[in-house]
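In the order they appear, the protein sequences are chains A and B.
Residue 586 in this note's numbering is what sits at position 582 of the first sequence, and the numbering runs on without skipping anything.
Residue 489 in this note's numbering is what sits at position 485 of the second sequence, and the numbering runs on without skipping anything.
No lab work stands behind these hints, which were simulated from the structure alone.
Here the structure is a predicted model, which means the values were calculated and not measured.
There may be inaccurate statements among the hints.
For chains that are exact copies, the list does not tell them apart, and a pair is met inside one copy or across any two.
Mimicking DSS-like on lysine-lysine, the simulated pairs with C-alpha atoms at most 25 Å apart in a straight line are [as the list claims (entries may be wrong)]:
hint, residue 1, residue 2
1, K56, K104
2, K438, K563
3, K530, K123
4, K104, K453
5, K453, K530
6, K563, K52
7, K438, K538
8, K123, K438
9, K501, K553
10, K337, K347
11, K320, K104
12, K130, K530
13, K130, K538
14, K453, K320
15, K438, K453
16, K563, K530
17, K538, K563
18, K56, K501
There are 2 protein chains.
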Amino acid sequence: MRMSRLFLRTLRDDPADAEVPSHRLLVRAGYVRRVAPGIYSWLPLGLKVLGKVEQIVREEMDAIGSQEVRFPALLPREPYDASGRWTDYGPNIFRLKDRKENDYLLGPTHEEMFTLLVKDLCSSYKDLPLHLYQIQTKYRDEARPRAGILRGREFVMKDSYSFDVDDAGLEKSYQAYREAYIRIFDRLGFEYVIVQATSGAMGGSASEEFLAVAETGEDTFVRSPGGYAANVEAVSTVAPDPVPFDDAPAAHAEKTPDTPTIDTLVDHLNEQFPRDDRPWTAADTLKNVLVILEHPDGTREPLAIGVPGDREVDAKRLEAQVSPAEVHAFEEKDFAAHPALVKGYIGPAVLGTESDSGIRYLLDPRVVEGTRWVTGANVEGSHVIDLVAGRDFTADGTIEAAEVRAGDPAPDGSGPLELARGIEMGHIFQLGRKYAEALGLQVLDENGKLVTVTMGSYGVGVSRAVAAVVENTYDELGIVWPRELAPYDVHLVATGKDEAVFTAADQLYDELVASGVEVLYDDRPKVSPGVKFKDAELLGMPTIVVVGKGLADGVVEVKDRATGERSDVPVAQVAEHVRGICR
Amino acid sequence: MRMSRLFLRTLRDDPADAEVPSHRLLVRAGYVRRVAPGIYSWLPLGLKVLGKVEQIVREEMDAIGSQEVRFPALLPREPYDASGRWTDYGPNIFRLKDRKENDYLLGPTHEEMFTLLVKDLCSSYKDLPLHLYQIQTKYRDEARPRAGILRGREFVMKDSYSFDVDDAGLEKSYQAYREAYIRIFDRLGFEYVIVQATSGAMGGSASEEFLAVAETGEDTFVRSPGGYAANVEAVSTVAPDPVPFDDAPAAHAEKTPDTPTIDTLVDHLNEQFPRDDRPWTAADTLKNVLVILEHPDGTREPLAIGVPGDREVDAKRLEAQVSPAEVHAFEEKDFAAHPALVKGYIGPAVLGTESDSGIRYLLDPRVVEGTRWVTGANVEGSHVIDLVAGRDFTADGTIEAAEVRAGDPAPDGSGPLELARGIEMGHIFQLGRKYAEALGLQVLDENGKLVTVTMGSYGVGVSRAVAAVVENTYDELGIVWPRELAPYDVHLVATGKDEAVFTAADQLYDELVASGVEVLYDDRPKVSPGVKFKDAELLGMPTIVVVGKGLADGVVEVKDRATGERSDVPVAQVAEHVRGICR
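Please work from the sequences and hints to get the whole structure.
If you want it as structure tokens, here you go:
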């Protein structure tokens with residue numbers, strides 16, 4: 005492709021709304037262009053990259069015998085009512101009505117549709133296992149679309165589903181997809197980790213995510229020296245053993261004026277109630293955090309969470325636990341509705357479904373039987389000391405909502421955790437029978453008995469991968485494409501005004517194209533070498549070939565975009581040389 | 005692909021809602037499946053055909069230097085407000101709001117978006133001519149989705165646009181697309197005609213349609229022996245020369261009791277007022293038809309149309325003329341609002357914007373100056389005779405709303421028209437500056453002066469083409485694919501229970517696949533030969549190879565699906581023979 009004909013204008017300035025490098029670079033380099041928040045057009049170069057990602061995904065899906073189909077994006081409400089997701093998705097899906105006032109949605113994922121299709125066409129265990137996939141445009145009405153195509157409201161996804169007659173089959177299907185995903189992400193060419201995950205609104209049990217490692221990622225994950233890796237939402241806390249409490253002193257309420265924060269409380273304790281063995285720390289206090297859950301049906305439920313005072317409640321971990329409910333702040337009006345709650349001094353005595361307030365109360369798993377706590381006495385300016393879990397208070401259960409910190413032990417005993425950030429690129433999980441049960445997908449087994457099918461669900465963010473690769477490989481000059489995704493193998497630049505240069509470059513271009521090399525040829529006659537070089541770095545083709553001043557000495561410069569290595573190659577050998585690189 | 009693994013179930017019965025053969029066959033043969041009215045899923049075989057159509061279209065677009073991009077389907081309202089189409093489309097587009105209550109639509113076509121993108125990226129005549137296209141999912145909320153994927157509400161279209169600095173450029177671009185379209189439709193392999201067309205809601209001037217010839221088509225077109233061809237909406241009437249009327253008798257009202265229809269009126273005229281030279285016929289009468297136009301802004305406007313009594317008003321021709329207004333019946337309440345109108349006896353005297361009724365009055369082009377008519381006298385039971393156009397009445401203009409009939413003269417003098425039916429597969433037209441003006445797309449010309457860009461718009465119904473091909477080539481046994489679109493070249497059938505048959509068939513399958521032939525292999529062990537043959541005919545691959553009883557004599561049967569021709573080929577030569585056919 006000659007740049008004089010290419011529909012492209014590179015931009016000098018970053019888009020005003022760009023938060024992350026991939027967004028900035030893909031817009032500046034003319035790969036994508038914003039149409040509305042979270043909604044982008046693909047320009048010629050971007051569409052070529054997207055097509056290459058699609059092709060890799062398609063090849064690896066075909067290789068494991070998954071069959072490609074394509075569902076509509078515009079879907080009727082009924083199946084999503086049957087599964088409960090019409091409601092569960094809350095404001096996160098686009099809903100609309102047709103001219104006859106029938107309800108439709110723009111599909112966020114297609115579990116229901118696949119389930120119904122298989123129900124329609126399959127009736128026997130002989131039809132299974134069955135693997136289906138689609139590469140398709142999906143929609144989510146994100147509250148905060150951000151980061152360009154990393155988190156869009158219209159995006160391309162590969163979603164696939166496995167259908168098996170029993171759990172062993174599902175496990176086998178899951179492993180087949182897991183291995184295909186490893187091949188896909190290896191080929192996409194960015195650093196990734198496979199982490200344990202929660203399944204969120206999707207339902208189901210076993211679940212792993214493929215994360216592109218990126219500082220700008222939205223997801224936090226943990227890993228241990230021993231190989232444990234998990235999405236932070238999925239990390240389970242290592243609970244200590246119960247502590248004997250036979251000789252623990254009785255709980256006693258104490259005046260603790262002017263202690264509105266944990267820090268002031270700890271200072272006050274160390275001043276007024278010093279301990280012999282060790283000073284009080286925030287870890288000795290039990291903080292009771294109140295939130296409001298808004299359930300998909302619109303009902304509001306107050307929830308109290310008890311965590312050690314040295315840890316915050318992690319909003320994402322909490323959200324993952326209570327999904328599909330949304331978490332909102334506990335407001336003044338909520339306090340007014342629960343007069344038993346003394347703001348700033350709330351203790352377990354007034355919490356729990358059995359208590360006066362009737363508010364559900366869940367504890368951090370570290371609050372095991374026998375542990376002693378300083379916590380609110382439910383009286384303004386007072387705390388209670390030596391309150392023993394299991395003796396003086398109980399709760400309605402536990403919840404994994406406290407923050408995970410570097411150094412926390414891995415749940416499998418594989419050592420201390422470190423935290424890092426990533427971008428969710430793929431998600432595989434064993435859905436089980438949730439959708440098959442909701443929609444009645446059964447087949448006859450070998451004994452002629454009807455059994456409910458068990459399903460797996462496997463997604464790849466196809467358009468997101470384009471940005472994630474950039475995020476993973478860019479440098480200060482621009483995009484750096486891995487060869488398998490680059491829109492063109494070679495960026496051929498002709499510099500200067502010398503006619504001989506353009507004649508030689510034209511000839512090289514024709515020769516390379518004829519031998520199957522994909523070449524972007526900067527043949528623009530009146531553009532300065534500086535601008536051409538800048539564009540070449542920005543656009544990011546893996547090999548840059550410069551025909552210019554060196555031509556007088558019979559050489560052409562060949563440069564590796566990623567490493568910056570340059571070499572002068574004799575004109576007569578350059579086509580062969582470049583073909584060798586691109587092979 | 006082995007049929008034992010293929011996600012496919014062929015159906016014996018036609019779908020209840022199937023109106024046309026392609027719908028019936030594509031559903032029965034498991035190519036597509038209905039999700040909601042006008043909304044279909046593509047199953048593995050169907051998606052393969054769709055991909056082949058896309059590939060043909062893509063190759064021919066690339067060949068003329070059109071560059072592929074992809075716009076979102078979910079689009080903000082603003083550009084469609086600027087062009088007026090947010091309103092003009094009326095109930096034919098899907099509208100929705102996002103969580104912030106902003107208005108969006110699902111794109112029916114993308115003129116606005118392309119115009120804005122080019123405005124963003126281009127500023128000089130040097131950037132033009134520019135050709136862009138996309139292959140993309142589009143949406144229209146059809147009042148009556150019908151015929152399966154022939155007229156869906158979600159469908160795949162290739163839409164492309166040309167941008168030129170002047171009319172000569174547009175004409176050249178238009179011709180380039182026209183030729184590319186001829187290549188596309190030649191390759192798609194169905195009988196088509198290129199007809200002159202109206203441009204409807206799209207705006208613009210020169211316009212042609214590519215119609216697949218099909219009895220079940222929704223569009224009527226005309227053609228003449230001399231090569232004229234036009235969509236019926238675009239046919240212009242050959243108006244006769246004005247007639248001298250100096251010695252015409254004066255108009256005279258006559259009692260015509262009990263003549264509620266044209267036929268009864270003509271009988272009455274021949275009985276009571278016989279003419280010497282020739283009998284009265286319906287063509288002597290002037291019928292005034294009243295309708296209500298509903299404009300996109302919701303206003304209702306009455307309209308009167310005068311046509312010779314031997315012709316009906318053609319709803320589609322009328323709709324094309326008044327678009328984007330919609331046509332509704334003139335109801336009792338409308339008569340009540342216009343007391344000057346005497347139902348059944350309405351004459352020109354009470355019609356026209358200058359008349360008492362104030363109703364706009366448009367005449368068929370045949371009602372030229374000097375022609376004499378029998379028409380309503382605006383009195384119950386009376387008609388007026390010898391009413392001379394131009395002497396006794398005038399109107400507000402003419403309209404091409406009367407039906408076109410076989411035998412009518414072609415407007416270019418190329419002979420009598422014949423009527424036929426077709427399916428609109430492609431539409432090319434010179435949009436001109438409508439969108440560029442509405443959205444401010446200007447570039448600097450060679451003299452440094454800002455000029456408004458002129459555009460062309462070119463569409464191909466990609467998903468519709470799949471059905472149109474079936475419609476064009478099916479037979480009583482099922483689908484008959486042209487080789488270029490068939491999901492597989494060869495349908496290999498192994499029949500019987502003999503292990504040797506399956507061994508031979510397996511071997512042939514492997515050999516063909518290894519040499520690049522696409523084979524669908526019916527390896528199902530317990531399915532009867534009859535069912536397998538029926539499936540093969542229904543599915544429609546161009547070559548059917550049967551390994552069965554003949555194997556004992558060392559031969560395999562090779563059958564051409566389209567012609568039904570069979571030949572026995574020695575086993576040792578069959579792979580080479582089939583490769584030869586598929587080449």
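Results of checking the hints against the structure:
With identical chains, the CA atoms of K56 and K104 are never at most 25 Å apart, being 40 Å at best within one copy and 35 Å at best between copies. Neither within a single protomer nor between protomers do K438 and K563 lie at most 25 Å apart by alpha-carbon distance, with minima of 54 Å and 47 Å respectively. Taking CA atoms no more than 25 Å apart as the test, K530 paired with K123 passes between copies only; the shortest distance there is 22 Å, against 63 Å inside one copy. Proximity of K104 and K453 under a CA criterion of 25 Å is satisfied in neither setting, with 42 Å inside one chain copy and 50 Å between copies.
Taking the shortest alpha-carbon separations for K453 and K530, only the inter-copy value of 21 Å comes in at or below 25 Å, while the best intra-copy value is 76 Å. Taking the shortest Cα distances, K563 and K52 sit within 25 Å of each other inside one copy (22 Å), while across copies they are farther apart (41 Å). In this homomeric assembly, K438 and K538 never come within 25 Å of each other (Cα to Cα): the closest approach is 53 Å inside a single copy and 38 Å across copies. For the identical chains of this complex, K123 and K438 are intra-copy neighbours only, at 14 Å inside a copy versus 50 Å across copies, given an alpha-carbon limit of 25 Å.
For the identical chains of this complex, K501 and K553 are intra-copy neighbours only, at 10 Å inside a copy versus 75 Å across copies, given an alpha-carbon limit of 25 Å. Within a single copy, K337 and K347 get their C-alpha atoms as close as 12 Å, which meets the 25 Å cut-off; across copies the closest is 68 Å, which misses it. For the homomeric pair K320 and K104, the shortest alpha-carbon distance between copies (23 Å) is at most 25 Å, but the shortest distance inside one copy (40 Å) is not. Taking the closest pair of Cα atoms, K130 and K530 come within 25 Å of each other only across two copies (12 Å); inside a single copy the shortest separation is 67 Å, beyond that limit.
Proximity of K130 to K538 under the C-alpha cut-off of 25 Å is restricted to the inter-copy arrangement: shortest distance 22 Å between copies versus 59 Å within a copy. Taking the shortest Cα distances, K453 and K320 never come within 25 Å of each other, neither inside one copy (43 Å) nor across copies (57 Å). In this assembly of identical chains, the alpha carbons of K438 and K453 lie at most 25 Å apart only when taken from the same copy (20 Å versus 65 Å across copies). Taking the shortest Cα distances, K563 and K530 sit within 25 Å of each other inside one copy (23 Å), while across copies they are farther apart (61 Å).
Proximity of K538 and K563 under a CA criterion of 25 Å is satisfied intra-copy only: 14 Å inside one chain copy versus 60 Å between copies. Neither within a single protomer nor between protomers do K56 and K501 lie at most 25 Å apart by alpha-carbon distance, with minima of 35 Å and 44 Å respectively.
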